[in-house]
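Asker: If you want the building blocks of each chain, they are given just below.
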Amino acid sequence: MRTVVRRSFVIGYVLAVTVAAVSLAVAQDAAPAPGAAKGQAKGQKGGGKGRGPAGPTGPAPRMADGTPDLAGAWMGSGSNSGDISKGLKPGEQVIMQPWAEALMKTRKSQDDPEANCLPTGVPRGAPYPWRIVQTPERYYILFEGNIHSFRQIFMNGKHPDDPDPTWYGHSIGTWDKDTLVVDSVGFNDKFWFDYLGHPHTEKLHTIERYTRTDLGNMTIDVTIDDPGAYTKPFTTTGRARLQPNTELLEYVCQENNIDLVHVNAPAQLP
Amino acid sequence: MKLKLSIAVAGAGLLMMGLPIAAHHSFAAEYDSTKKVELKGVVTKFEWTNPHAHFYIDVTDPSGKVAHWNLELASPNMMQRNGWTRHSLKEGDVVVVVASQAKDGTATASAQTIQKSDGTKLTFMAAPPPPDVK
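Protein chains in written order, with the working numbering: chain A, 1 to 270; chain B, 1001 to 1134.
Derived from the structure by calculation, the hints contain no laboratory data.
Any given hint could be a false lead.
Distance condition first, Cα-Cα at most 30 angstroms in a straight line; then the derived DSSO-like pairs of lysine-lysine [stated by the list, open to error]:
| hint | chain 1 | residue 1 | chain 2 | residue 2 |
| --- | --- | --- | --- | --- |
| 1 | B | LYS1035 | A | LYS108 |
| 2 | B | LYS1103 | B | LYS1035 |
| 3 | A | LYS190 | A | LYS158 |
| 4 | A | LYS108 | A | LYS86 |
| 5 | B | LYS1035 | B | LYS1065 |
| 6 | A | LYS89 | A | LYS232 |
| 7 | A | LYS108 | A | LYS190 |
| 8 | A | LYS105 | A | LYS86 |
| 9 | A | LYS105 | B | LYS1103 |
| 10 | B | LYS1090 | B | LYS1036 |
| 11 | B | LYS1035 | A | LYS105 |
| 12 | B | LYS1040 | B | LYS1116 |
| 13 | A | LYS190 | A | LYS105 |
| 14 | A | LYS177 | A | LYS232 |
| 15 | A | LYS86 | B | LYS1103 |
| 16 | A | LYS158 | A | LYS89 |
| 17 | B | LYS1035 | A | LYS86 |
| 18 | B | LYS1065 | B | LYS1040 |
| 19 | A | LYS108 | B | LYS1036 |
| 20 | A | LYS232 | A | LYS108 |
| 21 | A | LYS232 | A | LYS86 |
| 22 | B | LYS1103 | A | LYS190 |
| 23 | A | LYS108 | B | LYS1103 |
| 24 | B | LYS1040 | B | LYS1121 |
These numbers were taken from a predicted model, which means no experiment stands behind them.
Let the sequences and hints guide you as you build the complete structure.
Answerer: In structure tokens form, the structure reads like this:
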């Protein structure tokens, strides 16, 4: 066995993964790669803050009735999944109730529901694409992972008086000009807002605002109102980028989640 | 068959958003990025499974003792999008792997680069395109 352990001058994981992300997006004329649609959108340019390669340029599309069309595979989210306090709109602050701060300090990475193949809840994102499907009465957000699940948004609907607490809550949608506003209540208190373990309670109320600013980009602002765990509401902001050659693939996290037995550490950044 | 390759530099944007690229658990909580191991061994199994692909290698030291290493990769979905296939590794392949070892000291590591005996180089999430198919 040849084992070389180098303890210095090592490029850290973040850099290594960054290099890994200098990805080869392969489009084959005869046989498209799984998850990739044939052909490449025209007019792609580099740069931007979203996830993955820059999306195609051009105006945001609309449906036949004039409603903004949010269809497509997207990557990105409305908050920082590592630390929700790092993705705030200017002037915002995350101030936890003392009990919530104390709870967060006790949390360990291996107990993160997301790492245990449970849903991320709202608004935490995952490093996988997702898709919005618009029908007249319901919009759906389909997640590749994590987990391979979906949210329902009842357009112009009403929240039930006493919803059962769930991972994604109960969501109703309205349009504010060209922005889809998703109002959600009825969450359970099980999911974490981020890898650091920011907690919340069943009093959580979120308002997400999705705006397709052009063909390839969407801004997502999320107001978090949870008087059970935070002293005042705060608003995060993020961006999603269209993945024009991407199809969602199956992702069954429970299939072989064998790594957590090697994790015994405080909740921490990725 | 004509291959079109486009380079997608995603890292900076991902880091700005604080998002891991292919991990659903904290890498830093499991692995020590300063503890690199270089392993030469023979692939005994390749698990093309979620949430992470894994491969296992037997590494034989000069005395003949065999160590069984468990090496973690990204998720198959993101690996597929970056050139990997379920055939990229197979039992019997001789590989040299550079990896970050688990903090618990077991023979577990996150593979960063994999060099096969035919010269093919793979990484945690990216692989060269497959050979041309007639």
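Asker: Are the hints correct? Go through all of them and say.
Answerer: Verification of the hints:
1. B/LYS1035 x A/LYS108: 22 angstroms, holds
2. B/LYS1103 x B/LYS1035: 9 angstroms, holds
3. A/LYS190 x A/LYS158: Measuring from Cα to Cα gives roughly 24 angstroms; hence the hint holds.
4. A/LYS108 x A/LYS86: Given that 30 angstroms is the threshold and the Cα spacing comes to 20 angstroms, the pair holds.
5. B/LYS1035 x B/LYS1065: Roughly 22 angstroms separates the two Cα atoms, so the pair holds.
6. A/LYS89 x A/LYS232: Holds. A/LYS89 to A/LYS232 sits at ~14 angstroms (cutoff 30 angstroms).
7. A/LYS108 x A/LYS190: Given that 30 angstroms is the threshold and the Cα spacing comes to 14 angstroms, the pair holds.
8. A/LYS105 x A/LYS86: Distance of about 18 angstroms is within 30 angstroms: holds.
9. A/LYS105 x B/LYS1103: 21 angstroms, holds
10. B/LYS1090 x B/LYS1036: 24 angstroms, holds
11. B/LYS1035 x A/LYS105: Answer holds: B/LYS1035 to A/LYS105 is near 27 angstroms, not above 30 angstroms.
12. B/LYS1040 x B/LYS1116: Status holds; Cα separation ~10 angstroms.
13. A/LYS190 x A/LYS105: 16 angstroms, holds
14. A/LYS177 x A/LYS232: It holds: about 27 angstroms lies between the C-alpha atoms, which stays within 30 angstroms.
15. A/LYS86 x B/LYS1103: Holds, because 27 angstroms separates the two Cα atoms, which is no more than 30 angstroms.
16. A/LYS158 x A/LYS89: With a Cα-Cα distance of about 28 angstroms, the restraint between A/LYS158 and A/LYS89 holds, given a limit of 30 angstroms.
17. B/LYS1035 x A/LYS86: With Cα atoms ~29 angstroms apart, B/LYS1035 and A/LYS86 stay inside 30 angstroms; holds.
18. B/LYS1065 x B/LYS1040: 13 angstroms, holds
19. A/LYS108 x B/LYS1036: Answer holds: A/LYS108 to B/LYS1036 is near 24 angstroms, not above 30 angstroms.
20. A/LYS232 x A/LYS108: At roughly 26 angstroms apart (the allowed maximum being 30 angstroms), A/LYS108 and A/LYS232 satisfy the hint.
21. A/LYS232 x A/LYS86: Cα-Cα ~17 angstroms, so holds.
22. B/LYS1103 x A/LYS190: 27 angstroms, holds
23. A/LYS108 x B/LYS1103: Since the Cα atoms of A/LYS108 and B/LYS1103 sit roughly 15 angstroms apart, the hinted pair holds (cutoff 30 angstroms).
24. B/LYS1040 x B/LYS1121: 14 angstroms, holds
Violated hints are absent here; each numbered hint is respected by the structure.
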